[in-house]
Amino acid sequence: MASTSIQVAESPLVLFTLQRADDALVLGHRLSEWCGHAPSPEEDVALANMGLDLLGQARSLYAYAAQAEGAGHDEDHLAYLRDAPQYRNLLLLEQPNGDFAHTIARQFFYAAFIDPWWRAMCASTDPTLAAIAAKAEKETAYHLRHSAEWMIRLGDGTAESARRAQAAVDALWPYTGEMFTPPDPALLAAGNVIDPETLRASYDVTVAAVLDEATLARPAGTWMHKGGRQGRHTEHLGLLLAEMQHLQRTYPGATW
Amino acid sequence: MTEQKTPLWEVFIRSRNGLAHKHAGSVHAADATMALQAARDVYTRRGEGLSLWVVPSNAITASDPADKGMMFEPTASKIYRHPTFYEVPDEVGHM
Amino acid sequence: MYTQALNSGDATAPRPVEDADRMARFQARIDAEDRIEANDWMPDAYRRTLVRQISQHAHSEIVGQLPEGRWLTRAPSLRRKAALLAKVQDECGHGLYLYAAAETLGVSREELTDQLLSGRAKYSSIFNYPALTWADIGTIGWLVDGAAIMNQIPLCRCSYGPYARAMVRVCKEESFHQRQGYEIMLTLARGTPEQKAMAQDALDRWWWPAMMMFGPPDGQSQHSDTSMAWKIKRFTNDELRQRFVDAMAPQAHFLGLTVPDPDLKWDEAAGHFTFGAIDWEEFRQVLTGNGPCNRERLADRNKAHAEGAWVREAALAHAEKRRVRAQKVAA
Numbered sequence: 011m012a013s014t015s016i017q018v019a020e021s022p023l024v025l026f027t028l029q030r031a032d033d034a035l036v037l038g039h040r041l042s043e044w045c046g047h048a049p050s051p052e053e054d055v056a057l058a059n060m061g062l063d064l065l066g067q068a069r070s071l072y073a074y075a076a077q078a079e080g081a082g083h084d085e086d087h088l089a090y091l092r093d094a095p096q097y098r099n100l101l102l103l104e105q106p107n108g109d110f111a112h113t114i115a116r117q118f119f120y121a122a123f124i125d126p127w128w129r130a131m132c133a134s135t136d137p138t139l140a141a142i143a144a145k146a147e148k149e150t151a152y153h154l155r156h157s158a159e160w161m162i163r164l165g166d167g168t169a170e171s172a173r174r175a176q177a178a179v180d181a182l183w184p185y186t187g188e189m190f191t192p193p194d195p196a197l198l199a200a201g202n203v204i205d206p207e208t209l210r211a212s213y214d215v216t217v218a219a220v221l222d223e224a225t226l227a228r229p230a231g232t233w234m235h236k237g238g239r240q241g242r243h244t245e246h247l248g249l250l251l252a253e254m255q256h257l258q259r260t261y262p263g264a265t266w
Numbered sequence: 077m078t079e080q081k082t083p084l085w086e087v088f089i090r091s092r093n094g095l096a097h098k099h100a101g102s103v104h105a106a107d108a109t110m111a112l113q114a115a116r117d118v119y120t121r122r123g124e125g126l127s128l129w130v131v132p133s134n135a136i137t138a139s140d141p142a143d144k145g146m147m148f149e150p151t152a153s154k155i156y157r158h159p160t161f162y163e164v165p166d167e168v169g170h171m
Numbered sequence: 049m050y051t052q053a054l055n056s057g058d059a060t061a062p063r064p065v066e067d068a069d070r071m072a073r074f075q076a077r078i079d080a081e082d083r084i085e086a087n088d089w090m091p092d093a094y095r096r097t098l099v100r101q102i103s104q105h106a107h108s109e110i111v112g113q114l115p116e117g118r119w120l121t122r123a124p125s126l127r128r129k130a131a132l133l134a135k136v137q138d139e140c141g142h143g144l145y146l147y148a149a150a151e152t153l154g155v156s157r158e159e160l161t162d163q164l165l166s167g168r169a170k171y172s173s174i175f176n177y178p179a180l181t182w183a184d185i186g187t188i189g190w191l192v193d194g195a196a197i198m199n200q201i202p203l204c205r206c207s208y209g210p211y212a213r214a215m216v217r218v219c220k221e222e223s224f225h226q227r228q229g230y231e232i233m234l235t236l237a238r239g240t241p242e243q244k245a246m247a248q249d250a251l252d253r254w255w256w257p258a259m260m261m262f263g264p265p266d267g268q269s270q271h272s273d274t275s276m277a278w279k280i281k282r283f284t285n286d287e288l289r290q291r292f293v294d295a296m297a298p299q300a301h302f303l304g305l306t307v308p309d310p311d312l313k314w315d316e317a318a319g320h321f322t323f324g325a326i327d328w329e330e331f332r333q334v335l336t337g338n339g340p341c342n343r344e345r346l347a348d349r350n351k352a353h354a355e356g357a358w359v360r361e362a363a364l365a366h367a368e369k370r371r372v373r374a375q376k377v378a379a
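Chains as they are written, first to last, in this note's numbering: chain C, 11 to 266; chain F, 77 to 171; chain V, 49 to 379.
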């Protein structure tokens, strides 16, 4: 067990898998922050459910990344001993929970993309990725349904919920473009991964339909923040990791 | 307390190998869609479910529990005495 | 343990003569291990006691999410993170099963929530203690869930059907909680000197509060007799507490940790562990609101409830809009 920060040899496959693993871990971690504080016990269970699904996906993906790297690292090395600039998650997912509308909007935008993405990845020529995709897709289909239903209820609920939902949509919109970052050409050519651009049309239809039914306005801005995939994060990730990694950093080399 | 009450729904589950839906408990939700999701999240976390029914609790009518051998009094036609099963007009005041 | 602050009074109030027959028939059903269901006749005191006990049990599960929930973001491995998230989620689920059971007795969840948030209803004293280190998470799973399981398994045979069935559900899910806790303790006890010290420190702080979970000594529990007669309570406080010590003391010994009770010793003749005096003054103080975390726990629950109000209102408003739209379409 390494006792200090690790360096990861990021081949295209390792990098790709780490991106998805970090996405799942960071979002799962954010959802776990709601435990004991949700608007109702039913919703507390629902958010934890989604968090658990994402943690499970993260673990499968870290295991694969570690295997692909072949440097003797395991899931915990990768999760706990890389610092923020080494993390490869989308900026969207490290955004703080904010209020319930913010959390739901973040979940909805991500799920609207990742559900069809996992479905397409079921056809990956990489059997491990295809297997992970098959399980993940069932989970994210539910995340999409749950978050979409809440978007509608918040957007088309009371004046206050509509105000908060619109504020959340407006704040998170500039982070949604990063999801369409083109993949590594070699992996794409090998059929291991898909080009997210192929999902853009159906993503736009899903988002438009839900925003419409939620009586929310689609933001007009086209500027999209990027950088997460390259390790250039917002200020939020550092704080998140400081909390998450505290014990491993404070007691290096210990087994938990 | 001025907050409006979120309706109560009874949850019935038919398991993978089951033949009939069994009563599992209840959830609170504003509408049927959310009730179904709540039921799935709360009552099927360990893969118990294959089919879920949710029914507004006050839509269920219960049979008279009176039985030949047991002499006890039937209390109501509802499945249990939940305060929201019986609509009280606002003018009557808090009850 | 969920009846730690129940008042008696009701059970000893004089009853009208015409109820005597019904009471006798009711008691006969209980004695025959019959299950009482929601629509059956039951004495008022039975109904009231059950509402208090079940709802306080439910409140305990909900409040119990808080000390462990704070450590979710600091769980030191992905496996521990996932296990803890599943555990805390289970606790919320258990609260829901129990609120559902309480509601069959004629009370609404809103009323019960109001009772908790206003401080009128109690929850298990143990959750007024702070989770200070990762070892506390192990200790809570091992000792607190261990104590809860001891209380809950007999309740699966409680006379009231909906409560008994909720307990069966809970017990099925509970066993992994205690195993997870003990496994954490084992890992720490076998770990670095700092980890072992962390484990010992947690045991030092949680042992006595866990012993207090079972409530006051039998001699001081006024309402116990009626609860036992009505099979709402199956074993006395002291009986359960003794079982707890007998089970946990060897487990602590296996960990290589020392229980913070110099009077703890095995009595060969009795076949039990004898143990030292419990500080019942501390217990009383915690019950009346002077525990380390009472104010904070209630503040957290009130905050969550208050901040969630607009969400709950939105859901109801939307449901109403749909109803109106559907009527318009039908018209």
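Where hints are given, some of them may not hold.
What the hints assert, rightly or not - Simulated pairs of lysine to aspartate or glutamate, DMTMM-like, Cα-Cα distance not exceeding 25 Å:
1. V:Lys-220 <-> C:Asp-63
2. V:Lys-376 <-> F:Asp-107
3. F:Lys-154 <-> V:Glu-355
4. F:Lys-98 <-> V:Glu-81
5. C:Lys-236 <-> C:Glu-188
6. F:Lys-81 <-> C:Asp-166
7. F:Lys-81 <-> V:Glu-355
8. F:Lys-98 <-> V:Asp-92
9. F:Lys-154 <-> V:Asp-92
10. V:Lys-369 <-> C:Asp-63
It should be emphasised that the hints constitute simulated quantities derived from the structure, not laboratory data.
* **Violating hint indices (sorted, rising)** => Structure breaks hints 3, 8, 10.
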